[in-house]
Amino acid sequence: VRPPEATRLLSYAFSAVTAAFLAALASLLAWQSVAVWRREGLGYLTGTRWFFRVPEFGAAPMVYGTLAVAVLALLLAAPVALGAAVFTAEYLAPRPRALVKSLVELLAGVPSVVYGLLGVLLLRDWVYRLLERFDVLSGDTLLTAGVLLAVMVLPTIMTLSDDALRAVPGVQREAARSLGMTRAEAILRVSLPAAAPGIVAALLLGLGRALGETIAVFLVVGRQDNQWPQRLASLRPLLDSGQTLTSKLGGSETHIAYGDPLHWAAMAGLGVILLALVGTVTLAAAWLARRGSAAHA
Amino acid sequence: VLLMRAAVWTLAALGLAGPLSAEVLKINGSTTVNLAAAEAAEILKAEKGLQVQVDTQGGSSGGISMLGDGLVQIGMISKPLSDADRAKYPKVKFNPIAVGEDAVALIVSPDVWQGGVHALSQAQMRDIYEGRVTNWKGVGGPDQRIVFFNKEPGRGTWEVFAHWLYGDAKKAPPVSFREVGANEEARNKVASTRGALSQLSASWADGKTVYALGLKDDAGSVAEPTSANIRAGRYPMSRTLALVTNGSPQGDAKAFVEFMLGKRGQDLMRKHGYLGVDELGGAGK
Chain A
237 VRPPEATRLL SYAFSAVTAA FLAALASLLA WQSVAVWRRE GLGYLTGTRW
287 FFRVPEFGAA PMVYGTLAVA VLALLLAAPV ALGAAVFTAE YLAPRPRALV
337 KSLVELLAGV PSVVYGLLGV LLLRDWVYRL LERFDVLSGD TLLTAGVLLA
387 VMVLPTIMTL SDDALRAVPG VQREAARSLG MTRAEAILRV SLPAAAPGIV
437 AALLLGLGRA LGETIAVFLV VGRQDNQWPQ RLASLRPLLD SGQTLTSKLG
487 GSETHIAYGD PLHWAAMAGL GVILLALVGT VTLAAAWLAR RGSAAHA
Chain B
641 VLLMRAAVWT LAALGLAGPL SAEVLKINGS TTVNLAAAEA AEILKAEKGL
691 QVQVDTQGGS SGGISMLGDG LVQIGMISKP LSDADRAKYP KVKFNPIAVG
741 EDAVALIVSP DVWQGGVHAL SQAQMRDIYE GRVTNWKGVG GPDQRIVFFN
791 KEPGRGTWEV FAHWLYGDAK KAPPVSFREV GANEEARNKV ASTRGALSQL
841 SASWADGKTV YALGLKDDAG SVAEPTSANI RAGRYPMSRT LALVTNGSPQ
891 GDAKAFVEFM LGKRGQDLMR KHGYLGVDEL GGAGK
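Protein chains in written order, with our numbering: chain A, 237 to 533; chain B, 641 to 925.
Since the hints were made in silico from the structure, they are not lab data. Please read all numbers here as calculations on a predicted model, not as lab measurements. Using N, Cα and C, we set each Cβ at its ideal position, and we do this for glycine too. Please note that the accuracy of each hint is not assured.
[Claimed, not checked] Reference listing, derived: stretches of chain B covered by chain A, where coverage requires no fewer than 3 residues with Cβ under 8 angstroms from a Cβ of chain A:
1. 813-820
2. 830-844
[Said to hold, decoys possible] Simulated restraints on C-beta separations:
3. D496/A to G807/B: 16 to 24 angstroms
4. K688/B to A259/A: 40 to 48 angstroms
5. P332/A to E687/B: 52 to 60 angstroms
6. G698/B to W362/A: 26 to 34 angstroms
7. A868/B to L468/A: 53 to 61 angstroms
8. T282/A to K894/B: 38 to 46 angstroms
Produce the complete structure using the sequences and hints provided.
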């Protein structure tokens with residue numbers, strides 16, 4: 237076999253290993269969770285009551301909690317991250333840009349338990365004191381988790397958006413300027429639209445990270461079951477404690493469930509839901525990113 | 641899990657097919673004691689090659705009956721041996737050896753304590769746990785909503801609490817409160833939240849950031865979770881954790897008991913939030 241052939245074969249083989257691993261993971265979780273789907277049916281997704289001693293398994297409040305904190309994190313982090321990305325990509329000279337970027341990427345690498353502890357020590361108390369007039373009962377709220385997650389996903393979104401903006405060819409900017417646009421106009425009319433798919437991909441990857449984050453959320457979300465909001469559009473539930481898929485999976489129930497087939501299936505089912513959520517978001521991001529780079533090619 | 645279980649069974653089968661002559665030390669009983677005992681067994685397996693099997697079939701009662709039937713050499717119990725147990729197995733010389741004590745305090749935040757709530761009765765605690773009372777006013781305290789941080793289920797601390805409140809942890813009604821896990825987390829969150837209440841291992845209630853309530857009995861007298869009260873059995877939300885043998889322990893059973901009573905065994909007990917046997921004789925807090 238000639239060398240290029242070997243390279244190609246090896247890369248196929250390694251890709252196959254990755255794909256097989258993912259498939260094995262997904263099917264193992266799905267298989268383990270069969271018992272709960274069989275018992276609760278679709279009610280497992282839509283049910284709002286989870287009492288493992290009864291037993292009764294409805295995962296909707298946890299799906300709500302997961303989506304609420306992740307979307308909140310995205311809404312808070314996106315404007316700041318985009319602003320920073322425009323600054324580094326469009327205004328900074330190459331050397332300071334590299335420095336700022338590596339600092340931001342350093343932030344992305346901080347272990348999440350560190351953020352979690354900072355959340356417990358500072359953020360919980362800030363939220364508690366700041367929102368006292370709104371009658372919050374404790375600092376453990378969905379809002380606290382959302383703010384903490386925003387800080388955690390900000391570096392990811394910022395650095396990937398910066399990459400997307402830098403991928404827009406300089407010729408386009410020059411053309412815009414030569415047509416008499418100001419720098420700000422060139423950014424708004426040319427760079428941002430051209431980088432849009434990449435920026436959306438960055439946002440989605442940030443969202444994916446927020447959905448899957450466990451320990452930091454675990455420490456500040458309150459881990460209160462069955463917090464299904466009376467009105468889905470209301471913001472009030474964000475000031476209450478809640479439970480996310482990850483905080484549930486990270487808690488003691490996983491140990492209790494071990495040995496009880498139905499309870500175990502219910503926990504594995506949460507893994508399936510989480511995998512489906514994160515998988516969808518990540519695939520969408522990958523697809524957009526590919527479309528973005530194809531547009532510049 | 642099934643794969644793992646299959647692997648465990650295969651290993652177990654291989655183990656059984658192997659040296660049958662070597663006596664396996666079998667231990668069974670309370671899940672509360674098991675937390676520390678199972679870890680001790682792992683250490684003894686690794687360090688001394690001891691063959692130990694620790695199980696929790698039937699909890700404390702299972703430990704007593706299997707010891708009585710001669711199926712295990714050591715029982716683990718988190719409730720006292722009754723006369724009925726002894727009467728059921730007249731030939732067995734039950735020998736309980738205390739390895740620690742599991743006392744749980746109800747702790748409150750400073751504002752609740754300063755607001756005058758220093759003790760709760762079982763009935764009051766049930767009202768709170770079942771959601772009938774949601775304001776400290778309802779139990780003679782300040783006008784402040786109760787923020788109850790429930791110890792997560794499966795923790796020894798929660799088991800003791802539920803056992804005290806409902807006689808049996810399985811009878812505790814299903815509830816959804818904010819949950820806390822490790823002792824540090826419970827103490828930190830109660831200390832920093834007004835109107836907070838939680839269950840915490842008594843050894844963690846420091847009386848500075850959080851305050852331990854006394855428990856009021858039906859006659860109205862109050863028992864505080866001091867070491868003296870716990871030792872004398874006057875504090876009800878507490879259990880002695882013990883190993884039981886038939887007569888004095890021999891051979892591997894003796895090695896196991898000695899390990900549990902030694903420094904490392906006692907450290908394991910403390911790691912799981914229990915009081916060690918030496919602390920039972922200590923000064924009151």
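Each hint, compared with the structure:
1. 813-820: With 6 residues in contact (Cβ-Cβ under 8 angstroms with chain A), the coverage given for the region 813-820 of chain B holds.
2. 830-844: This one holds; 4 residues, not fewer than the three required, reach chain A with a Cβ under 8 angstroms.
3. D496/A to G807/B: 16 to 24 angstroms: Given about 23 angstroms between the Cβ atoms, the range holds.
4. K688/B to A259/A: 40 to 48 angstroms: Holds - the Cβ-Cβ distance for K688/B and A259/A, about 44 angstroms, lies within 40 to 48 angstroms.
5. P332/A to E687/B: 52 to 60 angstroms: Hint holds: Cβ distance 57 angstroms, inside 52 to 60 angstroms.
6. G698/B to W362/A: 26 to 34 angstroms: Violated - the Cβ-Cβ distance for G698/B and W362/A, about 49 angstroms, lies outside 26 to 34 angstroms.
7. A868/B to L468/A: 53 to 61 angstroms: holds (54 angstroms)
8. T282/A to K894/B: 38 to 46 angstroms: violated (57 angstroms)
When each numbered hint is compared with the structure, violations occur for hints 6, 8.
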